[in-house]
Amino acid sequence: MEFRTLEDASLNENFSLAAGLLSGDVKLTLSQTAVSVEATDAAAGPSYEIGIRLEDSAGNLHEWYNGKVTLAVADTSNVVGAAMAVDPVAGSYAMDGGTYEATVTLSESAWEADDTATLTVTATVCGFNASATFVVTVVADAG
Amino acid sequence: MSMKFRTLENAAVNDNFGLLAKALAGDVVIKLSQSTAAPTAAECAAAAQVYDIGIRLETAAGELHSWYNGKVLLAITDDDSTGAASIDPAAGEISLVNGEGSVEVTMDKAVWTAGKKATLTVSKPTSAKAPVMETVANATFIATVAS
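As they're listed, the protein sequences go chains A and B.
Per my numbering, residue 1 is the first one in the first sequence, and the count goes up by one each step.
Per my numbering, residue 1 is the first one in the second sequence, and the count goes up by one each step.
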């Protein structure tokens, strides 16, 4: 028995995606991974929409995947009340065709330069742990 | 509702499902082209001993998991006080291509002591994990110096 290249290109694509998964060729990608925001702008409570995709290393979408993705937020600020919120709230959600969207928002607080707030996205696919982060870094106001 | 795994009309499709099903069931073996060698101490002292080791990911029945393009982990050790063993590519994770790869093991030109060993270990990846590799057994190539 051998692994065949079939006449039906669609079947080959499906087998290729499955083989990639079993080979551990799985990663989470986010539509953006880092952004800097000045302290004054951070105090206004900016929001960022984050697109999430489960892909292989070549960027092909694992469109068959409707399993869970987990959202978590954290920050390094010492400012009371400063926090990152995520919508939907932190927890696990079913992806839709290998994709998901979340929105993170900084609290309207007196964020300080060098504070960071991080969205961490994780998924366990067939025993393989994939993760990605989106990090907001507060910088001092220019001028 | 029950669901069973169907045998389809297209034999090639069945073959592909068959190999993936075997992998999912844990029928995955790391096979090396050579598992032992016995260079003499005199040979080691005269010249470096080099072994080209082929790596295949197979089923227990010897079918090549040619769909696999993931990683395996290479490691090399020796227990000699003067001779040293090395591998090319260097120790770490390498990608198999269509289920196959290779590594070159070298015992350097030195005064190796009879009974000492150079051991290549090929095992599951630890950072770039692959689901079907989690239960696979290590494979070794051991070159033992003969007197």
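Hints in this document: simulated from the structure, not taken from any laboratory.
Hints should not be assumed to be uniformly reliable.
What the hints assert, rightly or not - Straight-line alpha carbon distances no greater than 27 Å define the calculated DSSO-like cross-link-like pairs of lysine-lysine that follow: (1) B/LYS22 to B/LYS116; (2) B/LYS22 to A/LYS27; (3) B/LYS31 to B/LYS116; (4) A/LYS27 to A/LYS68; (5) B/LYS129 to A/LYS68; (6) A/LYS27 to B/LYS116; (7) B/LYS22 to B/LYS109; (8) B/LYS22 to A/LYS68; (9) B/LYS129 to B/LYS22.
Unchecked claim - Chain B regions said to be covered by chain A (calculated; three or more residues, Cβ under 8 Å): (10) 7 to 14; (11) 27 to 40.
Backbone N, C-alpha and C fix where the C-beta goes; we use that ideal spot for every residue, glycine too.
Hint-by-hint comparison with the structure:
no., hint, result
1, B/LYS22 to B/LYS116, "violated, 38 Å"
2, B/LYS22 to A/LYS27, "holds, 24 Å"
3, B/LYS31 to B/LYS116, "holds, 24 Å"
4, A/LYS27 to A/LYS68, "holds, 14 Å"
5, B/LYS129 to A/LYS68, "holds, 19 Å"
6, A/LYS27 to B/LYS116, "violated, 43 Å"
7, B/LYS22 to B/LYS109, "violated, 43 Å"
8, B/LYS22 to A/LYS68, "holds, 26 Å"
9, B/LYS129 to B/LYS22, "holds, 18 Å"
10, 7 to 14, "holds (count 3)"
11, 27 to 40, "violated (count 0)"
The structure does not agree with the numbered hints 1, 6, 7, 11 stated previously, though it agrees with the rest.
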